[in-house]
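J.: Listed below, chain by chain, are the residues.
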Amino acid sequence: MRKLIFYLFLSLLATTAITPAVFSQAKSVSGTVKDEKGNPLTGATINIKGTKLSVTTGADGSFTLSLPPNARTGVVSYVGMQTEEVSLTKTGPLQIVLKVSSANLGDVVVVAYGTVKKKDLTGSVEVLKGSDLVKTNPTNIVSGMQGKVAGAVISQSDGAPGAGMNITIRGSNSFLGTQPLYVVDGIPYVVGNSDATPSSVSGGEQASVNALSFINPSDVESITILKDASATAIYGSRGANGVVIITTKKGKAGGDRVELNANLSVSKVMREIKMLDAFGYASMQNEAYSNSNFFEPGPTPRGLPFPGEVQQSPTNPDSTVYVKGPKDFIGHSTDWQKEIFQTGITNNYSLNFSGANDNGSYLISGSYLDQKGVISNSKFNQYGIRANITRNVKKWLVIGSNTSFNKSTNQLVKTNNEDLSGGVGVVKASLAFAPTAPLYDSGTNNFTAATQVSNPYVYVHDVKNQVLVSQIFSSNYLEATLAKGLTFRQNVGISYYNNQREQYYPRTVYEGLSYLGLAYQSQGWYNSITTESILNYSKTLGEHVLTVTAGATYEDDQSSTKNQQASNFVNDQLQDNNINGGQNPSIVQNNRTKSDLVSFLGRITDTWKDRYLFTLSFRDDGTSKFAPRNRWSQFPSGAFAWKLSNEPFMEDLIGTVNDIKIRTSYGRTGNQGLAPYSTLSKLISFPYTFGGTLSGGYADNVYAGPGNVNLKWETTDQYDLGLDMGFLKNRITFHADLYYKRTHDLLQSVTIPPTTGFSTQLVNRGEVENKGLEMTLGATPITNHDFTWNFTGNISFNRNKIISLGGGLQEQFATRINTNGDQPFIQKVGQPIGALYGYVEQDIYKNEAEVRSDPVMSGQPDAIIARMVGEIRYKDLDHDGAITAKDQTLIGNVNPQFTYGITNNFTYKNFDMNILIQGVYGNDIINMNTYYLSNIGGFNNVTQKMWDDRWTFTNWEHAKSPKPEQQYWRAFKFTRRFIENGTYIRLRNVSLGYNVRMKTHTIQTLRVFANVNNLVTITKYSGYDPDINGYGDDPSRRGVDMGGYPSSKVYNLGVQCIF
Amino acid sequence: MRKIFHLLLPAAMVLTMACNKVLQEKPYSFLSTENFYKDAADATAAVSGVYNTFWGWGMIKQPYWLTDLDCDHAMGADWFLGNIGAGNPSAFWGINNIWSDHYLLISRANAVLENIGKASMDQDLKNRLIGEVTFLRGWAYFDLVRIYGAVPVHLKTVASGDIANMPKSTVAQVFQVAINDFKAAEGLLFPASDSRSGEKGRVTKGVASAFLAKAYLTMASGSLKGASLTVRGGQDNAQYTYAKDVVAGYENFDSRAYFDSARAKSLEVLKSGEYSLFPNFMDIWQIGSRNQKEFMWEIQAQTGNDNLETNLFYYFNAAQPDRSGVSAVWMTDNHYNDYEHDDDRILKGVAHQYIVDYGQPQYTNYILYPQADTALYKTDAAGNTYAWNGTYYDRAYSNKYSYVNNPGTANSDNFFPMLRYAEVMLTYAEAENEVNGPTGAAYQYLDSIRLRSHASPTPAGLSQDQFRSFVFEERGRELVFEAQRRYDLLRWGVYLQVMNKLGVIIQGNDRLTKVRSSRNLLFPISTDEINTNSALGGNNPGW
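First to last, the sequence lines map onto chains A and B.
Residues in the first sequence are numbered from 2 upward in steps of one, following my numbering.
Residues in the second sequence are numbered from 164 upward in steps of one, following my numbering.
It cannot be assumed that every hint is accurate.
Stated by the list, open to error - DMTMM-like, lysine to aspartate or glutamate: derived pairs with alpha carbons at most 20 Å apart: (1) B:184 with A:557; (2) B:189 with A:557; (3) A:876 with A:913; (4) B:363 with B:437; (5) A:887 with B:691; (6) A:683 with B:437; (7) A:120 with A:660; (8) A:35 with A:108; (9) A:683 with B:277; (10) A:595 with B:197; (11) A:961 with A:879; (12) B:224 with B:461; (13) A:465 with A:621; (14) A:683 with B:362; (15) A:910 with A:787; (16) A:683 with B:636; (17) B:346 with B:423; (18) B:184 with A:621; (19) A:275 with A:222; (20) A:829 with A:770; (21) A:35 with A:557; (22) A:974 with A:913; (23) A:118 with A:770; (24) A:119 with A:648; (25) A:683 with B:423; (26) A:251 with A:273.
It should be emphasised that the hints constitute simulated quantities derived from the structure, not laboratory data.
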């Protein structure tokens, strides 16, 4: 520290040193400055080296400069170009050509509150260039990151257009949420997917919209992912889940340009689930009835539902009718999946204008996306406008603004919802609905009416369920150079997010049937204002290069939501547009919040001898979310890196090993996932009446829990050890990071004794650890004039473990999922968040003798014994002669063992090709669709597999599914029957592009390309897509498929044209 | 220009420092303890919130009086009483609510007591409100100790730092908490006639005194050693004399001293002149009588407000207004026969004629009770003919909860009696007998209750034992279905003996077992508590 103060003192001295210079008038020199393409550069600076004399070029790029006698060298600089030195001793006009400095830009990484040269990084930081992002033609930036970032598990909620995406960086270290902090153009973007999704009429709906879809991937310059705490600690209370810094493009030097991108995609559902056709379904129903007659005989056997014979008419006893049998349905089956699926067409256009000179830069872009989903009537439609402007007001003053406006309409169909009866959503309905029913019922001259669930076709077409979003995100700054090396930057960010959900369930579907039409609207807005005042100072002192950053920031977040509902409409014509027309309206519910964050931050980096790199950072966060005693929290970090390759003793190896850096860091961070007012008690109305007069009463809301002034951030201590290597002039690069994270004071809602007057309380309790390894290998195996092959592969391992739950607790359960009382998501000390708990199946009872011999069945009445034949036999793990809750054990884990991605880029002459393979290994998925359909013999259709595996009088020995039976007593316990291996490897993207060589100067670049997304997926998962995470942001209930929107294969044709 | 920025920087710093004030959280859409309790209106509303807990599903909304139905006088339909009325309370869906609703009341009361000091308001009103919630908290502990025995005691809220995992206090400690609260409340509350006592329906000084007497009486009778009690019962409905047990946890109470305290405290209420009996028994139950005379404290209902109404009418009144069915609870034939024939409490207090047709005229039943009085009740003024239907409807339905403003709905506006003046008289009679023997004063108060129902005077010349038993049985007659009988059986230590003497009751098609084991002396503690409170020390014996 003393040393540091000394350097600071020295630097002050240095700035006051004045070098007097007296020159006499002499000869002059003239010339022009142009870029590589021959365009004149206006405003380029030519400075005579060693003096303060300089001149700027005119509109035609020309200049004239008077030279003092000793002038030998000129320094030519221009924004975005490599600075050149030219000899001034030559005679005749100088022709100076500046090269675009993009190569250098790539080496500069945007980090927290500044930039750093990639080679000087001390933390674990991943960078994704915009050009790499768009290669896979993603519709949003998060899906564009899939498979490309080591250490980040990126999954979609489901495959719906505009659906939420989730990133978990280095494992879950919270029960509340694992979303990283997004920083867009320097300003934290705090609207999460769950905030962005307005509430819906049914609590079971988990479909979410992607808050980040407002950023057009083609507008992105770079994405930096900060992973270790030395990089994220400067974001303090919000850094624990990692930070994703998104920087949008600026206009670049080299003249004005116009870029047009046009894409046309066709998408098809990736696969269909093989259900029974009408013949199979009718056979299953018949078997279910005859099994019921056999195993639970009544006084008279029940007739088969599909007898295939002439019977007495139910309406007229004197006449007869033919009742169809299974065979009559051959060739007359309704494939309900086909009825709801369609070919999705996506149009995506963007047009941008950009340019830059010494006075500043501009980029104005407009984009339009119209994405039709693979389920009829679902689509996502978005318009966006962006203006990124910088202006050099004075030599020492730059101002800028990055502002975007977006408007989107997300037309949803009901998917990804918890319900297992009634309003199950269109996907589950399409699986379950009887294939014997025609789409259109000629008898009633209407669509076939709902039996147990809504007619999927009607469900898709008649229901209105849309989310409208408009948002403005504006990041503005002013940067002043106060002295040499000392800059002051003032950021002002404004974010405004407005959303609205409009739902209407008509009486033609289950949800609206009994309500006689059900209308719902919810609105919300989120508004945040951020100001950041940052001082940056950099100074070279001998062999030390020092940078110091200090700042103060303030953020104000406000939100408001409200919703209203009505039912019982005269008809379904006006949908939700006339809520007051409903005969049965409910009271408007609303909520308003405000939270504030005040922070002070600082960072010092020192590069000594270009070998030893030190970084120290600190943040002090004050939040309104906590009571005064815990309002302020401190988050320090430190890092050290050693550039081994720059040591003298390594000189011999230069040429083979050109870069070796060892990094190590420690830091402390917090978690942002806490709602405002969590420390406060919440009073709600509890009236009483005295002598017949109602008296308003207030008392604590039992379900909100008691106030807790002791709440504080859950804090994560993270240690990182990293290695960066480059061989053969970086033709081969290798990065590896080993990390250990321990999070304590976990924020969680725990069950507390009823004697407290409450049932749950939000407390800091428990510890969790994550440790892991991530590696990235880059290589350019072939590079020659015509052909280049680039390869990048990454693989990440993370192990999560609950160290303690606090309060002496050994296990607890996450919020229930809809599994009939069983709770698969156990949180157990020593196990990861996401461990699964349940019963174990032995097999299917083969025959009555086997049932009788099972101790679990002893003492059961004969009737029960008889009907258990062909039913699931659960293991009595504790051998107590009964199947009880104690027979549950750990049966799975939704966390992957590792995730990986492999990218290959090939260029051959004007062709380029990109292949991205991405995969996840060793995770489990809870397939709630199977859970929904498993009751074979009920009204629901079943999968072909369940049918093939069922117990029958002939297939009794090797049966894996129960017998079909019409019954009401079967209750499935949660077992691995409903858990599947989620391992998959996916050819996520193959693209082929051709750059047309243009003879004309009007068009600079013309590129045509085609790509296919999700071309091949290898998986054992029986659902639509193993890339599914129904509960989205909830880290405690990852990997659940509950009628999620199927993913699609996308064929895309695009053209990029630059004028 | 540069200077401006040199100035701007510290200015920005100062500005952000000032933002510290901004960090004070401001709720918009809810009231919080932090910004409540500003004035009299806030404080009054917070106290109403405490009273509101009586309307929980663990209280008056359903099972509060259900606990009482686990006694020798109640008979009910299997679907209604099959678990809690048959000695198997843990199978009752609402069993955990009984526990949690009492503690909900306690936690709300504690919150008021911790915060009401902040409110600027009239001191008399503040004292009264503090008195009310202090009493209510005491009431909850008194109820808890009688239902569960030893229980955890919270006198502060968890929000203010009280530990969540609280171990059980002893029975004596819980009683002490209740008595302290009753005493404190007694000192703060005003007599009912004082205008400062507030609206009808609030607890007053007299209520606190009477409950103090009741708590003393419970401790005294529970700890009395070597006494006997004669209770009518068994399958033959004969008189059986039992040597009473000392209630577990009551062993060290000074029985005589507590009887003396109970006697003095109840006499204080009797002499206060604040209350009087209704002249006729059936007057008590009329709508117009609510909050009047004899009703020292009633749970207040609000007509038409579902949250402030009960199912009492639906469960107790003989036939539903639309004749669609009959109610779930009635008194045993034995108990009906405990009264003299012309005692108003059965002559008028029990339904003798009612009609049921299940909504279908062809099934119309004109039912009379009891069979012995067929001649008396076979016709009504309209000329309908009634018959005894022993198979299905040999049921003595009480009329206590038959008077409501909205009989046609499932929820109705019954007020529930928490304390009647008549009970204070019985308390006095009981305590006086234990302290001074069956004195004239004891007879006098007992008879004023009997005579208004046209029962004969208490037989003269009873011994202390006989008088004790007579008061015990009189309480059963007067207070049936008012959440008293089970507690009387328990505090006198004869619950198991009386219930098991009765065995299984079969009336027509109805069957209810009264067989009990020692675990039935206390209710099972909420499983939520057992699962979450590691310090509790387990459930009550046998559960």
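J.: None of the hints should be skipped; say for each whether it holds.
T.: Okay, the hints, checked on the actual structure:
Distance restraint check for residue 184 (chain B) and residue 557 (chain A): the Cα-Cα separation of roughly 13 Å lies within the 20 Å cut-off, and the hinted pair is therefore satisfied. Of the supplied pair hints, the one linking residue 189 (chain B) and residue 557 (chain A) holds, its CA atoms being roughly 12 Å apart against a limit of 20 Å. A distance of roughly 57 Å separates the Cα atoms of residue 876 (chain A) and residue 913 (chain A); the hinted pair therefore is violated under the 20 Å criterion. Note on residue 363 (chain B) and residue 437 (chain B): the hinted pairing holds, with a Cα-Cα distance of about 13 Å set against a maximum of 20 Å.
A hinted pair counts as satisfied when its Cα atoms are at most 20 Å apart, and residue 887 (chain A) with residue 691 (chain B) qualifies at roughly 18 Å. Restraint check for residue 683 (chain A) and residue 437 (chain B): the C-alpha separation of about 40 Å exceeds 20 Å, so the hint is violated. Restraint check for residue 120 (chain A) and residue 660 (chain A): the C-alpha separation of about 9 Å stays at or below 20 Å, so the hint holds. Restraint check: the Cα-Cα separation between residue 35 (chain A) and residue 108 (chain A) comes to about 24 Å, which exceeds 20 Å; the hinted pair is violated.
Distance check on the hinted pair: residue 683 (chain A) and residue 277 (chain B) sit about 16 Å apart at the alpha-carbon level, within 20 Å; holds. Our distance criterion of 20 Å between C-alpha atoms is met by residue 595 (chain A) and residue 197 (chain B), whose separation comes to about 16 Å. Our distance criterion of 20 Å between C-alpha atoms is broken by residue 961 (chain A) and residue 879 (chain A), whose separation comes to about 24 Å. This hinted pair checks out: residue 224 (chain B) and residue 461 (chain B) have alpha carbons roughly 14 Å apart, not beyond 20 Å.
Taking the CA atoms of residue 465 (chain A) and residue 621 (chain A), the gap is near 47 Å; set against the 20 Å cutoff, the hint is violated. Restraint check for residue 683 (chain A) and residue 362 (chain B): the C-alpha separation of about 28 Å exceeds 20 Å, so the hint is violated. For a cut-off of 20 Å, the pair hint linking residue 910 (chain A) to residue 787 (chain A) stands: about 5 Å separates their Cα positions. The suggested pairing of residue 683 (chain A) with residue 636 (chain B) is violated, with an alpha-carbon distance near 48 Å, which exceeds 20 Å.
Between residue 346 (chain B) and residue 423 (chain B) the alpha-carbon distance is near 16 Å, which keeps this suggested pair within the 20 Å criterion. A C-alpha spacing of about 16 Å is found between residue 184 (chain B) and residue 621 (chain A), which places the hinted pair at or below 20 Å, so the restraint holds. A hinted pair counts as satisfied when its Cα atoms are at most 20 Å apart, and residue 275 (chain A) with residue 222 (chain A) does not qualify at roughly 44 Å. Between the alpha carbons of residue 829 (chain A) and residue 770 (chain A) the distance comes to roughly 13 Å, so the proposed pair stays at or under 20 Å and holds.
For the given pair, residue 35 (chain A) sits about 47 Å from residue 557 (chain A) by alpha-carbon distance, which is inconsistent with the 20 Å threshold. Taken as a hint, the residue 974 (chain A) and residue 913 (chain A) pair is broken in the structure, with Cα atoms around 53 Å apart against an allowance of 20 Å. Straight-line distance between C-alpha atoms of residue 118 (chain A) and residue 770 (chain A) comes to about 32 Å, which puts the hinted pair past the 20 Å bound. Straight-line distance between C-alpha atoms of residue 119 (chain A) and residue 648 (chain A) comes to about 18 Å, which keeps the hinted pair within the 20 Å bound.
Between the alpha carbons of residue 683 (chain A) and residue 423 (chain B) the distance comes to roughly 46 Å, so the proposed pair goes past 20 Å and is violated. A hinted pair counts as satisfied when its Cα atoms are at most 20 Å apart, and residue 251 (chain A) with residue 273 (chain A) does not qualify at roughly 44 Å.
Checked against the numbered hints above, the structure violates hints 3, 6, 8, 11, 13, 14, 16, 19, 21, 22, 23, 25 and 26; every other hint is satisfied.
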